[in-house]
Amino acid sequence: MDYGKALELYNSIESIDNTQLTESETQPMHPNLYFQLINIRGFTNLNGKTYTEYYEKWKLRRSKK
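When we follow our numbering, the leftmost residue of the sequence shown carries the number 358, and every step to the right adds one.
Treat the hints with care, since some could be wrong.
Unchecked claim - Dumping the calculated DSS-like pairs for lysine-lysine here, alpha-carbon to alpha-carbon at most 25 Å:
{"#": "1", "residue 1": "Lys-362", "residue 2": "Lys-416"}
{"#": "2", "residue 1": "Lys-414", "residue 2": "Lys-362"}
{"#": "3", "residue 1": "Lys-406", "residue 2": "Lys-416"}
{"#": "4", "residue 1": "Lys-421", "residue 2": "Lys-406"}
{"#": "5", "residue 1": "Lys-406", "residue 2": "Lys-362"}
Keep in mind that the hints were calculated from the coordinates and are not lab data.
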């Protein structure tokens with residue numbers, strides 16, 4: 358998934374606070390931050406190889422709380 362598609366997904370989420378780039382219980386991290394962090398070894402293994410995969414994992418973690 359490219360950045361443009363990830364941004365579309367992010368912007369489709371209701372109640373997004375565009376001043377917050379980090380992940381919280383109410384919203385996933387901004388795609389810009391995700392695409393910066395994928396360069397860190399092991400990040401994609403834990404968080405997903407694509408932004409969509411990360412978003413699905415975030416929703417799953419959120420639903421377990």
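Indices of hints not satisfied (ascending): As far as the earlier hints go, not one is violated by this structure.
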